[in-house]
Amino acid sequence: MYTINYDAASNRVTVKVSEINKDNVNQYIEDFTKALEGVKPGFTGLTDLSEGKLFTMDVAEKLSPLGELSVQKGLTKWAYYTGSAVSKLQMKRMFGEVVDSFEKLEDAEEFLRN
Amino acid sequence: MKVENPDMQKQYRKMGLAGAGCFAGAVVIINLICLLAGFPGWIGLIVSLVLTVPIGYLIAVWLLRSAGAGRIRGEAVNGSLTISERHSKTSKDHLHNIGLQYRELSEEVNNHISQMAGTIEEVKASAEMGFYVSDMIKEATLGVSGDASQQTDMIRTSSNTVGDVVNAIRHIAGSADEVAAAAGESSEKSAEGQESILAAIRQMDEANTTVHTLVEMMNRLDESSREVVSFVAMIREIAEQTHLLSLNAAIEAARFGDEGRGFSVIASEIRNLAEQSSNSAKQVTQVVSVILKETAQAVASTKLVAEQVGDGLKVVNQAGDSFEFIKLSIGEVAGQIQEVSSAVEEIAAGAEQLVVAMEKTEEISVKTMSEMNNVTQAVEEHHSIMEQISTATETLNGYSKELDQAIKKYRELLGDPQTSSQLVS
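If you read the sequences in order, they're chains H and D.
Just so we're on the same page, our numbering is the position in the first sequence counted from 1, plus 9.
Just so we're on the same page, our numbering is the position in the second sequence counted from 1, plus 7.
Calculated from the structure, these hints are not laboratory results.
Incorrect hints may have been included.
Computed footprint of chain H on chain D; a stretch qualifies when at least three of its residues, placed anywhere within it, have a C-beta under 8 Å from a C-beta of chain H [stated by the list, open to error]:
hint, region
1, 178-192
2, 372-384
Not close to chain D: a few residues of chain H, all C-beta gaps over 10 Å, as computed [what the hints assert, rightly or not]:
hint, residue
3, Ser19
4, Lys25
5, Ala44
6, Pro74
7, Lys82
Heads up, simulated PhoX-like pairs for lysine-lysine below, C-alpha to C-alpha not over 25 Å straight-line [to be verified]:
hint, chain 1, residue 1, chain 2, residue 2
8, D, Lys374, H, Lys86
9, D, Lys131, H, Lys62
10, H, Lys101, D, Lys374
11, H, Lys113, D, Lys374
12, H, Lys86, D, Lys367
13, D, Lys367, H, Lys101
Every residue, glycine too, gets a C-beta built ideally from N, C-alpha and C.
Required output: the full structure, derived from the provided sequences and hints.
Written out as structure tokens, the structure reads:
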């Protein structure tokens, strides 16, 4: 349903989401929070939502505080890429200006590099 | 269906009331849940209709079963119907077939109900997602609207800045005209000053030539004066010799008395000297007249030089006036140029402000365009969600029709008293 990886060399958290629903949202929050414990300040994040389903409203509400938590842990940039416009709107509603949306992985990578 | 038994009538009425109560209660509870969840009223209505149809169907089936069993039991008690009588007219196989039909029908109904329940869940989830997406689109549209307002403000500010720049350019154009006029006047005065200076130079050249002539005249006068001096020296010598001779004559005259022949010689010499003196005097007179003439010429030349110098001074004064005017004009031009410079700085500042505003406007435009594209795409995706709901509703409608058919079959089965009693037995 999802994978969370942290690369210490590039100080980057990479998340791939296929589906987060009411059954696994709490586990996701727990895993994500655990991943944030290992990051260094100034870290970046990348989320692959290209094959992800839209979150339901209650799931989205539960996930929203993770953006602020990431900022507190020293997040500099977080990029995600998805082809769904509704997904972009949802991410914007959930995390505001903390994250930036892209349609392709290359664009997201370039944004994080610069 | 007419029921004559009062107990049965009571039972039917009681069941009908219970069914109506359950239906109303279910509708109220579903709408209340939807209201608390923040869904629109139409969603509550759809969900309540969708949920209550199968429930109503179940209740109806249950009522019919209960009624059928009760009626048969009632008839059996009253003695109007006996099982042995009914069984005597039907075969065992026939009952078996009816039982199978009833079981198939029940399974079919159960399947339909399960499918309907699943579809209802899908419709509910899709409706919730549709509402959620609508809300996000609304929020994004409001954001785009806000950006557009900001863009309008920026364009208004830019327009005002452009107006200021245009005014500054007009001011520069006015100042430039004044500068051009002052520069033209300065140019004219400069040309006049140049002409005056050239005239002064010419006057000075002429004065120089006159002075040279005067110098030459003075030199000649000097030479003449020297000649006069030599002549005067000669006359002085002659006069001295004449005096000496006259003294000798007087001495001789005194020694020889009457013998005065020697006097004639002396007299002759004296006469010659007198002539020489007369000639020298004439020459001196001539030289002096030349000197007088040349002196008069020198005086005239000096007057001419004085006049030429006076003219030169006037010309130089005119040139000075022209250059004074040029200085004032240049000062005026410098002031105008200062004003032009200030206006240009103002324009530069306005232009920079304009560039910043235009860049920000462009940034907002790009963002707005991106948001609009996103919203448009989101509306299309939302449309697909609505299509899913529509398809699911159509599916529900199909299930509902199938259920209706199944219910009709139930009615047919239960409507036949013989079959009902056989099924009960």
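(request) Enumerate the violated hints, using their earlier numbering and listing them in ascending order. (result) The structure conflicts with hint 1 only, although it agrees with all the remaining ones.
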